[in-house]
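Peer 1: Chain by chain, the residues run as shown.
There are 4 protein chains.
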Amino acid sequence: MLERYALSPMKELWTLEAQYQRWLAVELAALEALEELGQVPPGTAQLVRARARLDVAKILAAEREVGHDLIAFLWVLEEEVGPEGRWLHFGLTSSDVKDTALALLLREALEILAAKARELGEVLVLRAREHKNTVMLGRTHGQWAELTTFGLKFLLWYDELRRVEERLVRAKEAVSVGKLSGAVGTYGFFPPEAEERALRRLGLAPCPVASQVISRDRYAEVFFALASAASLVEKIALEIRLLSRAEVGEVAEGRPEGSSAMPHKRNPILSERLCGLARLVRAALGPALENNALWHERDMSHSSVERVLFPQSFVLVDYMLSRAAKLLRELVVFPERMRRNVEEARGFPFSEGLLLALVRAGMGRKEAHGLVAELSRRAAAEGRPLAAVAQEEARVRALVPDLAAIFCPERALAHVEAIYRRVLGG
Amino acid sequence: MLERYALSPMKELWTLEAQYQRWLAVELAALEALEELGQVPPGTAQLVRARARLDVAKILAAEREVGHDLIAFLWVLEEEVGPEGRWLHFGLTSSDVKDTALALLLREALEILAAKARELGEVLVLRAREHKNTVMLGRTHGQWAELTTFGLKFLLWYDELRRVEERLVRAKEAVSVGKLSGAVGTYGFFPPEAEERALRRLGLAPCPVASQVISRDRYAEVFFALASAASLVEKIALEIRLLSRAEVGEVAEGRPEGSSAMPHKRNPILSERLCGLARLVRAALGPALENNALWHERDMSHSSVERVLFPQSFVLVDYMLSRAAKLLRELVVFPERMRRNVEEARGFPFSEGLLLALVRAGMGRKEAHGLVAELSRRAAAEGRPLAAVAQEEARVRALVPDLAAIFCPERALAHVEAIYRRVLGG
Amino acid sequence: MLERYALSPMKELWTLEAQYQRWLAVELAALEALEELGQVPPGTAQLVRARARLDVAKILAAEREVGHDLIAFLWVLEEEVGPEGRWLHFGLTSSDVKDTALALLLREALEILAAKARELGEVLVLRAREHKNTVMLGRTHGQWAELTTFGLKFLLWYDELRRVEERLVRAKEAVSVGKLSGAVGTYGFFPPEAEERALRRLGLAPCPVASQVISRDRYAEVFFALASAASLVEKIALEIRLLSRAEVGEVAEGRPEGSSAMPHKRNPILSERLCGLARLVRAALGPALENNALWHERDMSHSSVERVLFPQSFVLVDYMLSRAAKLLRELVVFPERMRRNVEEARGFPFSEGLLLALVRAGMGRKEAHGLVAELSRRAAAEGRPLAAVAQEEARVRALVPDLAAIFCPERALAHVEAIYRRVLGG
Amino acid sequence: MLERYALSPMKELWTLEAQYQRWLAVELAALEALEELGQVPPGTAQLVRARARLDVAKILAAEREVGHDLIAFLWVLEEEVGPEGRWLHFGLTSSDVKDTALALLLREALEILAAKARELGEVLVLRAREHKNTVMLGRTHGQWAELTTFGLKFLLWYDELRRVEERLVRAKEAVSVGKLSGAVGTYGFFPPEAEERALRRLGLAPCPVASQVISRDRYAEVFFALASAASLVEKIALEIRLLSRAEVGEVAEGRPEGSSAMPHKRNPILSERLCGLARLVRAALGPALENNALWHERDMSHSSVERVLFPQSFVLVDYMLSRAAKLLRELVVFPERMRRNVEEARGFPFSEGLLLALVRAGMGRKEAHGLVAELSRRAAAEGRPLAAVAQEEARVRALVPDLAAIFCPERALAHVEAIYRRVLGG
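Protein chains in written order, with this note's numbering: chain A, 927 to 1352; chain B, 927 to 1352; chain C, 927 to 1352; chain D, 927 to 1352.
No lab work stands behind these hints, which were simulated from the structure alone.
Any given hint could be a false lead.
Because identical chains share one entry, a pair is satisfied inside a single copy or across any pair of copies.
Unchecked claim - Here are the simulated DSSO-like cross-link-like pairs (lysine-lysine), alpha carbons at most 30 angstroms apart as the crow flies:
id	residue 1	residue 2
1	1292	1252
2	1292	1058
3	1252	984
4	1252	937
5	1252	1058
6	1292	984
7	1058	984
8	937	984
9	937	1058
10	937	1292
Using the sequences and the hints given, assemble the complete structure.
Peer 2: Dropping the structure here:
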């Protein structure tokens, strides 16, 4: 079910084989550290590294026998390595290996997402620049509001993407810690100095204090960063769905999908799918937070949750970022239709300008608001341009002689350039 | 329902009156900025500030008439101020005022929480130092594990609290932005320069780019920071509940609650309540993230969600942090019982030491693990100390002559000091 | 914050006074049952009932002293009643009173919602009948699909409403149970026979077996029924938002809201608000389910959750059902615009008819699908009616001589009457 | 990740092959119905059925080409069948086939769960009967409360299980509906009569009214039923974890898991895992409810959500029910330890009896409560039995001459039999 959304190289991170490789990397780093500190006979680490071979099928068979994945892994390894294999896992508990290996995994997975986010950012900037001056209707509450440009939408998303990227970076920092402090985190048989050395080899910082496991609040931060990425993609996809509605027609997906029944259909189903996937990623946050309060020095209730939700959420967000970039890159834009839609709005996008001109000329705000609202109702009812109806109103003519200056797109968009400078600099 | 948990000064932030005060502050800052830029007659701002009076009842009455809270606010204000009042809200849209005022609110609310978190941190450090060497059983999966000290629990929570504090700080940064860019965020009638000036007066940075509203991903970050604080409190409270179980008896709430039926009862209901409240705070994250993807330049679906969840979540987390500090400050600790419980464990906390001594002496890890497991089963079945049973085993006697050195609490806790240095420095 | 959505009589159910009244009702029913069984001196119940007076302020003051709401309630009551007051609560535990009183509360609250649902159902049927033959575009994926009638939307919602009503009924059944079995549910001092008698007086069935409390899975069912009601209202409100978009213009809220900046605005904010509120109601399900797994014979973690979420969810769903009925009752419909929109679709809604006619005439489905898709692309590109383009295609002319019979709204909607009969009978 | 929890025959339901088989079953039923009504040449259905072969690889290849799973399925099928294949899918839309096939799938999956629930129910009844009179401490708030029997816990779970089973049955009813009403649910090219005939062949009722799809509120009900099952398993597993804590020691998992570091460990990890899995199942409810409000006659946002969450939730609940049954069947119970724990409670479980005896003898409830609370405090402080301390108190001696009758387990459990009769009958 998930396969459908799993892309390389993200999906390869989550195979059993890759997991055993990470476990081995941690065990070896620990062994080397102990050897450096003289707690293990010299040459042990090198010998073990040379002889260690990971046979997935054998390990799974051993797991069926012993009912514990990491013990099975060690049995098989010890058998491969011979007597020196007994030094493996010396002073460690399973969670030392698993949580430290998890740090290696998450770091890599978050880097893949960061790259995907950058890629999406490039598309956003590109299309923001391309459509900086593509005038279109702004819409609030699904109703015509004032004018905007299509590029500003991309700019807004890009600004949000930078926050998403920051959250991914911070999440990576939060989880780039290892933990080799034993069964209850007291370094009973594996000294802090050895932990520091071993983790340095793996490029990880030591967790300052731990129970049997690393605190799960760190992983909740990862899930929040993922949900925040998914939420941005949802926002983008929702906008594409709204703009590509038949009655709006301002954009179209590059590769819409057909219908088995209605051959004329060109459905924006990628955008719809992205909206659906956001629900899944978001829903992981509850369990991720429930995982944090464990019993005493640890219970195992978090384990199955992470087993399912880590791959699922990473695979989905990886897919979402990739596909969002593709969606926007291939998006077909119809500036002509945008222009036509602006015309359909018959001057309503300028109602605030009229209101403010009246205020500036001395009319009270409440009165001016009421007047323009009344003129708008009349224009709507009669299907006529607001300017024309306003022109007929004596109070308007008296106070606002130059209506044309008000119903003017250029004036409305005079500050777009400044916004771009704020966001993109230069 | 919420009143029960609402503490001062947090609760005062959420009154209607306080909200109107913040709206007024934003309107005045905007007016002053326009005046500085010469867009409003000199002296207007001072005059308006002098005459502006907020009459909550009047505003509510006006709202019932016009059906729009901010328009009602402006009507009443304009009436109070007189003709110059028409310059209020000049070039602004309701969300300019509301979202900018929200920044003022959230900044203050987050500062209150930060202070509460600091207070909790102080208690944590105090009790961590107090119980640095209070030896007790570590427990994993609810079963006896190796020894630890009571202080390490506080230290672990303190370490997590620092991450919570960081999240609160970052959330404050994320939302300390204002937005005065008008109906669709294009600065149609309120120039970027005026926005910068007005926001500077309010101590806020300008949002680089906005639609009608500030992007809701920023608020989702607030809700995550709150959930993360609640999750830590839940973790603490759960531990207190577990340790104060009748059969464990290692701690007791300072003010347990009685029972209407059973007069002997002393129930840790504060801890239980804190666990329940965490569920509520956590549950806000889903809606907070759903709020992010709005239609086009904005729809209003986020508004009712925020109206309910902002006060609720802030009030609850404020309560939770306060009460967690109180709970730990008043917590009664029974070190004697902890010692007695250690004795009940009959040496099992040292099983890893025995395993590793056998390995060090040359026994394969798999064999050693099997042997110590077998000895443990025997000790459990016979209700005897593990050391005594081990002593009877020839292979142990041959390889591990000095069993006493292994069944030794001091050795097990030799690195506690180092962990404290890592977390607390010095 | 919640006040804004609280309607009578729903909101009165949640006052402290109403709660004390329900507690008293339970205590009196229990007392009467004991008296009937001869376990309490004759006349006690009548005397207690006559003297019992509930003074909210006094009870609150007592609660501040003793720190337990129900003990405080009993103290004050005993004082009012005199010596016979000691028989109150005889053999009961607090949860006996609270959970049984909760059953009274929820039963009443669910009946209010059931009435609101019926009211909504009436509006739905009314408008379904009114618009049975109001032809409009069906839309899938936001794109023109085949024709439908506006009434069918109401019919669909009505059909779903009946399921919602059934869920409300079942939830009421699930929680209409009382529990007077004492501190751990063993009837230690209050016999099953007394429970049956007391509950019969209250119109409740006895819970077959309980711990100190009634199982919380029953309440989760209530929250699901509420969420399901909220979800239907969301579905309705979303459709109104979509149909009232400026570019679609097929309906309008009866009382749209204006904008402080743009006087022309008529925003469908009630629909938007209803969508937001659904998020809140939905979010209660997680905590409601977390409340179910309590420790042993009970812990109190569910209590604060219910204190907040019960009133919140009931008040919101009550509001949502009321407002949804009002929204639809006052909804302004524009059949003329619907007709115009159908014309804009230029015959695409009949593409399946063309496909099937080709198939019926012997063309393979794959080929026919490809052909009609190609004709549709051409029609779209050239902005011409599909029928005109199809007419120019030799294969079509050869196999489908009578195109007019295919591009025919009446044929498309021939079975609408049958659907109505299915749902509404007759 | 999910494979680890996937059991037969549940997991076979979710393969691609099984899905295509169900699609074919629906297409054939539809074809047969059309043929019966004379809308398709006689003999077509039989011929198509004979020739239809499902080649998963071929269909997947076609899907890669056309980008639509059901169109690909039809292409391949039409090719296999030859010219008569063009009648397949006549008048249908993809959702007709998919949603109707989903009904077939869910019905079967829910039946598997119902069987698993029955199996769990049998274990519950068995162990309830076995331990009907196994006396143990009741505990509230993790503190000693009054006495209960171990069997009552099973009885309580069994009572809840019956509600879970009812929810599964109702969910099955809710989703056992098919829908063959075409692209927007108007039966444009597939008459209601044909739908009724086709669905009767499949054992499904027709959905009274539909859009392009069946309303998603029906599936939300499935997810609630699943969450409710998971919640019961969580409740059971939590109790096992609590009772098997080293300090309580009243039960033990039949197959506890060891530790890689501490050979003495016997961890109840199955119970812990079941608690974790409940979080996952619960979290599906949010997305399931979000899926309900689709755009107009349908959008596709629900599709990816269902693709992931249906198999995940069904596989997990299937696993949970199976494993819960196994857990309880193999559970090791220590009645001797229960007895010992009762003794440790030194008579506190009888404090209510003492309170009520005082009340019955004429003491005010408030006074009596205070007195027994004071005696309890003294007994706790001095580590003596409550009865002994009470005996020394003049007021007790005066009013309650026969203390032994109060501190009496048999009296406390006199109604257990009645509870069993209520739940199990007989």
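Peer 1: A separate judgement is required for each hint: does it hold in the structure or not?
Peer 2: To see whether the hints hold, each was checked on the structure:
Taking the shortest Cα distances, residue 1292 and residue 1252 sit within 30 angstroms of each other only across copies (29 angstroms), while inside one copy they are farther apart (48 angstroms). In this assembly of identical chains, the alpha carbons of residue 1292 and residue 1058 never lie at most 30 angstroms apart, being 35 angstroms within a copy and 43 angstroms across copies at closest. Only between protomers do residue 1252 and residue 984 lie at most 30 angstroms apart by alpha-carbon distance; the minimum there is 27 angstroms, versus 42 angstroms within a single protomer. Only within a single protomer do residue 1252 and residue 937 lie at most 30 angstroms apart by alpha-carbon distance; the minimum there is 19 angstroms, versus 34 angstroms between protomers.
Taking identical chains as interchangeable, the C-alpha atoms of residue 1252 and residue 1058 lie at most 30 angstroms apart only when both belong to the same chain, with a minimum of 20 angstroms there against 43 angstroms between chains. Within a single copy, residue 1292 and residue 984 get their C-alpha atoms only as close as 81 angstroms, which misses the 30 angstroms cut-off; across copies the closest is 16 angstroms, which meets it. Proximity of residue 1058 to residue 984 under the C-alpha cut-off of 30 angstroms is found in neither arrangement, the shortest distances being 60 angstroms within a copy and 45 angstroms between copies. Taking identical chains as interchangeable, the C-alpha atoms of residue 937 and residue 984 lie at most 30 angstroms apart whether they share a chain (23 angstroms) or sit on different chains (24 angstroms).
Taking identical chains as interchangeable, the C-alpha atoms of residue 937 and residue 1058 are never at most 30 angstroms apart, the minima being 37 angstroms within one chain and 45 angstroms between chains. In this homomeric assembly, residue 937 and residue 1292 never come within 30 angstroms of each other (Cα to Cα): the closest approach is 60 angstroms inside a single copy and 33 angstroms across copies.
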